[in-house]
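Enquirer: Take a look at the letters that make up each chain.
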Amino acid sequence: MNHKTRVYDNVFEMLPNEENPSPMVRINKLNPSPEFTLFAKLEWMNPFGSVKDRAAWAMLREFEEKGEVGKGRGFVEPTSGNTGISLAAMACARGYHMRAVVPNKVPLEKKVLLKIAGAELDVVSDDLCPAPGLGEGSINLAKTHAKAQAAKYAMPNQYENETNVDAHYRTTGPEIWKQTEGEITHLFVSLGTCGTVTGASRFLRKMKPDIKVIAVQPTEGHDVPGLRNVTQLGVSKLFDASLIDDILEVEFRTAYTRALELCQTEGLLAGPSSGLILEGAREIIMRDKIGLGVMIFPDNIFKYTSNMMKHIPGLAAGTTA
Amino acid sequence: MSDYSNPEVLVSTNWVKENLGQPKIKMVEIDVDTKAYDAGHVRGAIAFNWQTQLQDQVSRDIISKTEFEKLVSQAGISPDDTVILYGDNNNWFAAYGFWLFKLYGHKDVRLMNGGRIKWLNEADKELTTDVPKPTPTTYKVTEEHPELRAYVQDVLEASKSGRINLVDVRSPDEFSGKVIAPPGMTETAQRGGHVPGAKSVPWSQAVSSDGTFKPLSELQKIYIEQKGVDTNKDTIAYCRIGERSSHTWFVLKYLLGFKNVKNYDGSWTEYGNLIRVPIEKGA
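Respectively, the protein sequence lines represent chains A and B.
Residues in the first sequence are numbered consecutively from 1, following the working numbering.
Residues in the second sequence are numbered consecutively from 1, following the working numbering.
Excised from the complex, chain A in its bound form (with noise of 0.2 Å):
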């Protein structure tokens, strides 16, 4: 491994660390104020293609050390996709099987990549008149399948499991620390699992107590793949409350918006849940004036051209012969 020239033996070398960062790049053109520094930390750079490549190979790894997988026993995971294709490409490359469990508003790109990943398929009717305090139907499906079919799967379960939040306290936390070499003064991310949050912002809290913490939600009724309003987090444990100073909700369409335009103007082809979080950064730059915020984009928009259609309607527009 020399992450110098780049050359590696094997893809996992690649995974992101203090040592192998993800890419943070500066916002030119969005930022509205000229004493705010904003960074977007470019999580779509992993080798995997998004965030959730951190937690991903942290449970993978936790599995294998604990002797959870291997002679026939694969994983089973609930995901909106990104965990799913992470962990499926890594598990198929060290030799277990993975059953992904989605809910049926996934995008169609991301359920097809899961397939492509090597994952066996399964999707779930999730928004059938939600029933209270009972998670939600893909969740609930993969623990059935870890529970009846417990020697062929395990699973990691992204939403409760504190690997998810020790993969962002050891790697994507020091990072920010050292790229900003101590000096950022925000931090700008969206609510999923709430890995991120909470693991990135008790690294960066600890090393500087004032460090203002901004998680930007979408909507409720959104359909923005892999976030959560906070009415939707009773399924994540991981979420901590006394690690945020301000939950930004933003109407979920601009998330589609602000990402165009971060493709169109600054060159960063970022997905709908980076748009949203350039909206939440935006609001908080224009009320503080000054810092320097780093935004955590989770993925590119590739996989989200689909949605991005159905927002935008003059994207379909001559797009055939």
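Since the hints were made in silico from the structure, they are not lab data.
Just to be clear, a hint being listed does not mean it is correct.
[Unchecked claim] Taking lysine-lysine pairs in the DSS-like style, the calculated list, with each CA pair at most 30 Å apart, reads:
hint, chain 1, residue 1, chain 2, residue 2
1, B, K133, A, K152
2, B, K118, A, K105
3, B, K35, A, K237
4, B, K125, A, K66
5, A, K310, B, K178
6, A, K147, B, K125
7, B, K221, B, K118
8, B, K259, B, K65
9, B, K107, B, K65
10, A, K105, B, K178
11, B, K118, A, K237
12, A, K147, B, K17
13, B, K35, A, K115
14, B, K118, A, K152
15, A, K111, B, K35
16, B, K125, A, K71
17, B, K160, B, K259
18, A, K147, A, K111
19, A, K237, B, K214
20, B, K133, A, K147
21, A, K152, B, K17
22, B, K259, B, K214
23, A, K147, B, K35
24, B, K118, A, K147
25, A, K105, B, K35
26, B, K24, A, K147
27, A, K147, B, K214
[Stated by the list, open to error] Not the full set, but computed from the structure, chain B residues with beta-carbon under 7 Å of chain A:
hint, residue
28, A39
29, G40
30, I117
31, L120
32, L127
33, T128
34, T129
Since the structure is predicted, the reported quantities are computational estimates derived from the model, not experimental observations.
The beta-carbon is built from N, C-alpha and C at its ideal position, and this holds for glycine as well.
Starting from the known structure of chain A, fit chain B onto it as the hints suggest.
Expert: Leaving out everything else, chain B in the frame of chain A:
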């Protein structure tokens, strides 16, 4: 659960665990999403598919007496068996199955309180993918209870006279007419709103966070004190396709002990499609 009007119609997950495998106890799983049973179920449970096995496949109706006899015979159920039903989504379709068993006069049918999710989340409860092969019986229906079912004429009459409670168990947005059906549902209607005079009590108000039914005192508070469902009147429950209303029908009739409760299985997908019936919109 002992203070409910008819506590014998509910069993706990622990009771099921202790009694599993007894020859006169038959477990049946009925799910919204039939993938759930295939992924894992209570040992010995057979599955009914509510779409293909509990409904007539030609006209919109429940299965006929003959079809019911055939279905339960193949499931190895006898008239004197204790049938325990459970399923996903807080036992919605299990409650629909319960209603069907009662319509066709089965004596001892019960719901497993909390449904499959409670069982799933309890560490000491086993799930299996083994599918049982029951020995068929020759089940004969000896009595029927058509009084448990409401038709549109009953609903129109109830709305007009005000002498019968109408309980709309759908979500507040369906009741107000803001939406016609929950997002993504294929069964829908031409118009949104509710039957004039109906009281909105969403089905989910009857369950606790672990999926079990709320205690009697809480149910009484919600249905009788807060929503004003009159205990002296007969009652009709409805929803969109008749499954969520089976759940509330069960609550009103067996847990609260209302005396004459019917399930209107035609529900909004019938009513909201009819020409010139009165509809109210708004909360």
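Enquirer: All hints, please: hold or fail.
Expert: Each hint tested on the structure:
1. For the hint linking K133/B to K152/A, the alpha-carbon distance of about 24 Å falls within 30 Å, and the restraint holds.
2. Of the supplied pair hints, the one linking K118/B and K105/A holds, its CA atoms being roughly 25 Å apart against a limit of 30 Å.
3. Distance check on the hinted pair: K35/B and K237/A sit about 26 Å apart at the alpha-carbon level, within 30 Å; holds.
4. Our distance criterion of 30 Å between C-alpha atoms is met by K125/B and K66/A, whose separation comes to about 24 Å.
5. Restraint check for K310/A and K178/B: satisfied, since their Cα atoms lie roughly 22 Å apart, inside the 30 Å limit.
6. A hinted pair counts as satisfied when its Cα atoms are at most 30 Å apart, and K147/A with K125/B qualifies at roughly 9 Å.
7. For the proposed pair K221/B and K118/B, the alpha carbon gap of about 25 Å is at most 30 Å, so the pair holds.
8. Annotation: proposed proximity of K259/B to K65/B holds, straight-line Cα distance about 25 Å (limit 30 Å).
9. Between K107/B and K65/B, the direct Cα distance comes to roughly 15 Å. Compliance with the 30 Å bound is thereby established for this hinted pair.
10. Our distance criterion of 30 Å between C-alpha atoms is met by K105/A and K178/B, whose separation comes to about 22 Å.
11. Annotation: proposed proximity of K118/B to K237/A holds, straight-line Cα distance about 18 Å (limit 30 Å).
12. Distance hint between K147/A and K17/B is fulfilled; the C-alpha atoms sit about 16 Å from each other, no more than 30 Å.
13. At most 30 Å may separate the alpha-carbon atoms for a hinted pair to count; K35/B and K115/A meet this at roughly 19 Å.
14. With a C-alpha separation of about 23 Å, the suggested pair K118/B and K152/A falls inside the 30 Å cut-off, and the hint holds.
15. At roughly 18 Å between alpha-carbon atoms, K111/A and K35/B fall within 30 Å of each other, so this suggested pair holds.
16. For the hint pairing K125/B with K71/A, the CA-to-CA distance comes to about 25 Å; that is within 30 Å, so the pair holds.
17. Of the supplied pair hints, the one linking K160/B and K259/B holds, its CA atoms being roughly 21 Å apart against a limit of 30 Å.
18. For the hint linking K147/A to K111/A, the alpha-carbon distance of about 24 Å falls within 30 Å, and the restraint holds.
19. Only pairs whose Cα atoms come within 30 Å are accepted, and K237/A paired with K214/B is accepted, the gap being roughly 25 Å.
20. For the suggested pair K133/B and K147/A, the alpha carbons sit about 22 Å apart, so the restraint of at most 30 Å is met.
21. Between K152/A and K17/B, the direct Cα distance comes to roughly 24 Å. Compliance with the 30 Å bound is thereby established for this hinted pair.
22. The straight-line distance between the Cα atoms of K259/B and K214/B is roughly 20 Å, inside the 30 Å bound, and the hint therefore holds.
23. About 15 Å separates the Cα atoms of K147/A and K35/B, which keeps this hinted pair within 30 Å; it holds.
24. A threshold of 30 Å between alpha carbons decides the hint, and for K118/B with K147/A the separation of about 13 Å falls inside it, so the pair holds.
25. This hinted pair checks out: K105/A and K35/B have alpha carbons roughly 17 Å apart, not beyond 30 Å.
26. As the CA atoms of K24/B and K147/A are separated by approximately 27 Å, the hinted pair is consistent with the 30 Å bound.
27. With a C-alpha separation of about 27 Å, the suggested pair K147/A and K214/B falls inside the 30 Å cut-off, and the hint holds.
28. Annotation: interface hint on A39/B holds; nearest CB of chain A at approximately 4 Å, less than 7 Å.
29. The criterion of a C-beta within 7 Å of any C-beta in chain A is met by G40/B, whose closest approach is roughly 3 Å, and the hint holds.
30. The beta carbon of I117/B comes within 5 Å of a beta carbon in chain A, closer than 7 Å, and the hint placing it at the interface holds.
31. Satisfaction of the interface hint for L120/B is found here, the shortest Cβ-Cβ separation to chain A being roughly 6 Å, below the 7 Å cut-off.
32. Among the interface hints, the one on L127/B holds; its C-beta lies about 4 Å from the nearest C-beta in chain A, closer than the 7 Å criterion.
33. A least Cβ separation of about 6 Å between T128/B and chain A falls short of the 7 Å threshold, and the interface hint therefore holds.
34. Proximity of T129/B to chain A holds as hinted, the smallest CB-CB distance being about 5 Å (cut-off 7 Å).
Against the hints set out earlier in the document, no violation occurs for any number.
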